[in-house]
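Engineer: Sequence:
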Amino acid sequence: MLKSGVYTQLSPVLFGNGTLQQVGKKAKELGMNKVLLVTDKKISEIGYAEKVANIIREEDVQVVIWDGVETDCPDYTVTAAAAIGREKAVDGIVGLGGGSTLDSAKAIAAVIPNGDEVLQEIVLYLTGQKNYAVKPVTMLLIPTTSGTGSESTFVSVISSEIMQCKIGLPCPPDYAIVDPELTVGCPAFITAFTGMDAFSHANEALTEGKNTPHSDLLAYEAIRLITKWLPIAVKDINNVEARENLALASNFAGIAFNESGVHMGHSTAHALGHMYHISHGICCALVTPAIIEFAAKTYPEKMKKIGEIMGVTFSSEEPEAIGKAVGNAVRKLCKEIQIPSFREQGFTKEQILAAKPMIYKEPLCMSFGGTITEQDVVTTLETLYDGYQ
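Mind the numbering: the sequence shown is residues 22 to 410 in this note's numbering, read in order.
Don't take each hint at face value.
Label-pair ranges, simulated between beta-carbon atoms [said to hold, decoys possible]:
1) 52 <-> 369: 49 to 59 Å
2) 339 <-> 137: 52 to 62 Å
3) 110 <-> 35: 51 to 61 Å
4) 85 <-> 138: 21 to 31 Å
5) 206 <-> 392: 20 to 30 Å
Calculated directly from the structure, the hints in this document are not laboratory data.
Glycine residues also receive a C-beta, built at the ideal position from the N, C-alpha and C atoms.
Hey, can you work out the whole structure from these sequences and the hints?
Structural biologist: What follows is the structure, given as structure tokens:
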């Protein structure tokens, strides 16, 4: 019997090469008269921010550029940008950049009309002390990397000084433009770890408790596309066909986990990223093989299907053997695209194991469609450190 569940797509997505040219028209259609263009210094330096601003201005929509995004979206940057947005009386947000930028844009959109206290309220919401319901200003998101899928997810992940960890702020976008041409030429290393971030979204969406046949379909296709095209894009950063397929995979994986969810893998990535300021994508890449080995005990058929997509030949139908074979296939992919191990980055096993309390207390950890114990977290941390050198 097929599992029942809600099929959803959060917001419309305009996909394809050259679609960036429609950003002004779409901003106007969404009712924007004056937008805060949220981006980072690198995007500004290469001229993308001004290019997008000019396209928007052609539709008689005013633009204020804010390029103060920082990695991991610290909450103080969100409040600073929101203050500018209120001062300039903007009625829309356009986010242009990678995952940190899109998450920042979503959080800023929530804080502008509702005040900085929203960041306090979300803490109370996450600790079960208060309901959370805010309406953000209208937002349109444009990714320049293929990894987070943030343009199609309801949550913004930011670093909270109050909670001393990463938190999820519900603030769904209204529209997304995914133009693969914006990702052409993205450096190989960034291409590698953002691609594995998307892989981790798809993998965890398959075994999160709220998964549906629809989310599974998108997740498997994302894994197929990433397995085929990520090594090609890393070797040839200007390969347009690879960029198109990775952009599609990232968006599919984002929609899949927005509908389903993620679990212990992302709790682990959030904790390690917060504690040691490691790139989220690198953390996701390194934890995914261990998560596959763990999930295979409960979902051997799904992990086997991932392996079949990746070309794995199985010598045993035992769940543990399936998990090991598929986990090793992902490790091989990570080696091929030159993801460095935690040891190569200078971290000890003890440092990695120290993340256990933060991982286990994050509610996201328990979203797995099965049981997770503290020992499971420890075993996963040991596996991700020892299994990839």
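Engineer: Now tell me if each hint is right for this structure.
Structural biologist: The hints, checked one at a time:
Look at residue 52 against residue 369: about 53 Å separates their beta carbons, and that is inside 49 to 59 Å. In this structure the supplied range 52 to 62 Å holds for residue 339 paired with residue 137, their Cβ-Cβ distance being about 53 Å. Separation of residue 110 from residue 35 is about 27 Å and departs from the stated range, judged on CB atoms against 51 to 61 Å. Checked against the hint of 21 to 31 Å, the C-beta distance between residue 85 and residue 138 comes to roughly 23 Å, which is consistent with it.
Evaluation of the 20 to 30 Å hint for residue 206 and residue 392 yields a failure: the beta carbon distance comes to about 45 Å.
This entry does not satisfy hints 3, 5, going by the numbered hints stated previously.
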